[in-house]
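2 protein chains.
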Amino acid sequence: MNKNSPMICETAEAMSERLPKAVALLGAGAIGGGWAARFVLNGVDVRLHDPAAGAVERVQEQVANARRAFRRLTLAPLPPEGSLTVADSIGAAVQGVELVQESAPERSELKQELLAAADHVTAPEVLICSSTSSLRPSLLQARMKHPERFLVAHPFYPVYMLPLVELCAGLRTAPEALVRAAEIFRAVGMHPLVVRKEIDGFIANRLQEALWREALWLVHDDVATEQEVDDAIRYSFGLRRAINGPFRIGGGGAGMRRYMQQWGPMLKWPWTKLADVPELTDVFLNKLAEQADARDEGLSIGKLEEQRDDRFVAVLQALRSQNYGAGETLARWEEGLRKRAPKLDSNSGPLRMRILQMSSDWVDYNGHITESRYLYILGLATDNLLAHIGIEGEYRSKHGSYYTVETHLAHLGELHAGDRVQVLTQILGADSKRLHLFHVLARDGDDAPAATGEQMLLHVAAGTGRSGPVQDPVHDRLIELTRLHADLPRPARAGGSIRLR
Amino acid sequence: MNKNSPMICETAEAMSERLPKAVALLGAGAIGGGWAARFVLNGVDVRLHDPAAGAVERVQEQVANARRAFRRLTLAPLPPEGSLTVADSIGAAVQGVELVQESAPERSELKQELLAAADHVTAPEVLICSSTSSLRPSLLQARMKHPERFLVAHPFYPVYMLPLVELCAGLRTAPEALVRAAEIFRAVGMHPLVVRKEIDGFIANRLQEALWREALWLVHDDVATEQEVDDAIRYSFGLRRAINGPFRIGGGGAGMRRYMQQWGPMLKWPWTKLADVPELTDVFLNKLAEQADARDEGLSIGKLEEQRDDRFVAVLQALRSQNYGAGETLARWEEGLRKRAPKLDSNSGPLRMRILQMSSDWVDYNGHITESRYLYILGLATDNLLAHIGIEGEYRSKHGSYYTVETHLAHLGELHAGDRVQVLTQILGADSKRLHLFHVLARDGDDAPAATGEQMLLHVAAGTGRSGPVQDPVHDRLIELTRLHADLPRPARAGGSIRLR
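Protein sequences, first through last, are from chains A and B.
Throughout, this note's numbering is defined as the position within the first sequence, counted from one, plus 10.
Throughout, this note's numbering is defined as the position within the second sequence, counted from one, plus 10.
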């Protein structure tokens, strides 16, 4: 138990981020593979050490799943992927890394031994973390020579989707190790939460398990099938749990007092005493397994994982639309990705959007990209320009943003699923409120445009719903870019109208 | 315990729905008010009986909240609202209703008395349900003369948002009462779940409480603040709980066995023994209240409720995009709303597209319908016109179809989720290959357009990828319609171009 914990919590929860160049992963099961996917897709080189047969292939599968999920999750510019290399010893894995993350099976002797070995061959300034979901860090660091750089960093499955990582210091952990770990995990899109006291199981798993134990009793006693227990959760308070735990009642302390007064006594009612552990007899295990089989829809594990990820993506995006909870973490990660992305080359020509691959679900019955998706892509290009001139989170909420008032779209060629396209955006003019753009959308490497789009945007002041002048520093950047673009040739289609003859 | 429960579960979970004309609500607190909102917005007349001062006003507030939330939640045509009337006696409230729903405070004597009184004055074929969150139906129906029409129908707060309603029969409940109740709750967008055995607290609350009890210990023991407990949940497994309970592991029975083998033993570890109840001492209650106060963002209860509902709406819509869980319930409810909505007919003048309700997942981060969806709607209007002149399956495959080559879109007003819009399409001109259209998109009943869209289409011959003349019989119909539309006034915006000055 570290006495400085509350202070550390605050420091660790500051917003600073630090993306490592390389990390070593010891153990490449479901958790290690998820770490690999998260790091690689964030542009971090991963050195993997796992003696088990087929470990790398399983990791590559997780990376492929994560790649698919990340494409759906965000439009922010993902960096070039980090490398994934296999090291045949711990010593080889830890060369030049900033973090060693251990994700071996949940057996304390095994972990102690592995961590002591890693400690022995790793330079003392390198962080070492364990993914343990239950074991105390003081126990795990017992045999290390440099235990001060060790802590628990417990993630959740699938690691590339769920943002929480619980950080827990042992008796001999240095406070700054927590801070440094938090910076790294934040940079790869996670939400580090410092556990104030060292306890077995940390926070989230104790809560999960309490629920699971009660759920097992309900099935054990035939009150419900396992499907019905799942339904009871996902159709009711489960919807709330993506948003909050049980403590967000509203009305501050007074609300909390009223709530505790109303519901607290129920904690002692007879029906809350089933907190013993049901015996995991063969009969009970058979019942669970049979119910699970009956629910199986005949889908492959791969397809089930895709479905699961699609659902996570949808819920995460929903929360992002509210800029709330895990959605806020996502938004912050995207901001980091945008900041770290190489700056677009804006001085020499039109603004260039990153390459975008046409999705197969954008196809209409003719097999072409459906017409409204062209406007969607132009919208992304406009967002890209707006981000470039500084219209992002803070500016948006304080000053406002641009809204499209007119678009003139010309289709000049067909696009198909899988085509890689790029949009070049040129500012044709701007005044205090209006912004006149011209987009050229072309296949990557193709000179002939597939479409052009001319747009007029209006600056709308935050919270008013009315037009208002663009504010600094955006105004300055816009003026500068407009001046640069004034030297570009004016597109022939600009100012055109639709006429039959 | 009803021996027929599994059979009833299946029957009750069939898809049939039955929307009642009127219901009586006894008790108008947080739960009764939520019932009122759900019923009224589904077009059901509500008779409210609650002797408490200010009850009606609080119910009206909930109805207003729900109205706002439903507008965001769905694009399906909501019916005209049911009436909300106050009855000064139980006898007056139950006149002509199909369901009496009791939502009095959670005290068994009070509920028994109220239910006996309701039973006495209500025709025996009318269903009577209790919203109790903990009391057994056999206990509640003890003093009723017609206990066979009584069951527990336990909803979740806020009742107008969360779809689950747990149905629990008592010893003397008739099986068909469960079926009828399920039909009614399904018709108002809920997911009825039949509890197979009569137990205190039913299913979801036992699970919620297990988690809450563990959460209280974590705060009690200073492992985490209440904020940190909430964070640990919403950034990790809470995201999963909107999607599934703890039993959806994947891989059927074999997956379940592996999972139980891996994690089952942990149920017995020392850290799972904190299942006693923490004493709710003043010191502990003060700590909870102080932490809750420290988190309070100074927002009014009304604002907090709005935020909460917006977050629920976002998560529900995310799940609907996956047609999954609570999202599937939402989709089914919308289908019912659409079926029950009155049909619209077409008339002369510009071609009138059927009324379309703006989908809540078409909303961008500003809360407006995202710009590409305007083009999507124009695409539907164009398809509507093409179908009207005979461009359908056979013509398409034999002769070809029209493709959009240019669109000039002007945004003149904002659209929001739930808005009902209509597009009027006018032919401005046509030649052997080209078709010049003008669309006006307006909210239903609104003269001012929300957008206009001018389009040029080109007839492309089947299988050639090249333009070719339109063929009969489409050609004839097109000529006829073009001639008719030539008499209509030419839209002022037709032929316009985008210019800064």
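Be careful, since some hints might not be right.
Given that identical chains are not distinguished, each listed pair holds provided it fits within a single copy or across any two copies.
[As the list claims (entries may be wrong)] In silico SDA-like links for lysine to any residue, alpha-carbon gap of 25 Å or less:
| id | residue 1 | residue 2 |
| --- | --- | --- |
| 1 | K313 | S442 |
| 2 | K443 | E402 |
| 3 | K207 | V450 |
| 4 | K207 | M368 |
| 5 | K313 | G263 |
Everything labelled a hint here was simulated from the structure, so no lab data went into it.
Hint check results:
no.: 1; hint: K313 - S442; in the structure: neither (51 Å within a copy, 34 Å between copies)
no.: 2; hint: K443 - E402; in the structure: within (17 Å within a copy, 45 Å between copies)
no.: 3; hint: K207 - V450; in the structure: neither (57 Å within a copy, 63 Å between copies)
no.: 4; hint: K207 - M368; in the structure: neither (43 Å within a copy, 50 Å between copies)
no.: 5; hint: K313 - G263; in the structure: between (46 Å within a copy, 17 Å between copies)
Going through the hint list in order, the structure does not satisfy hints 1, 3 and 4.
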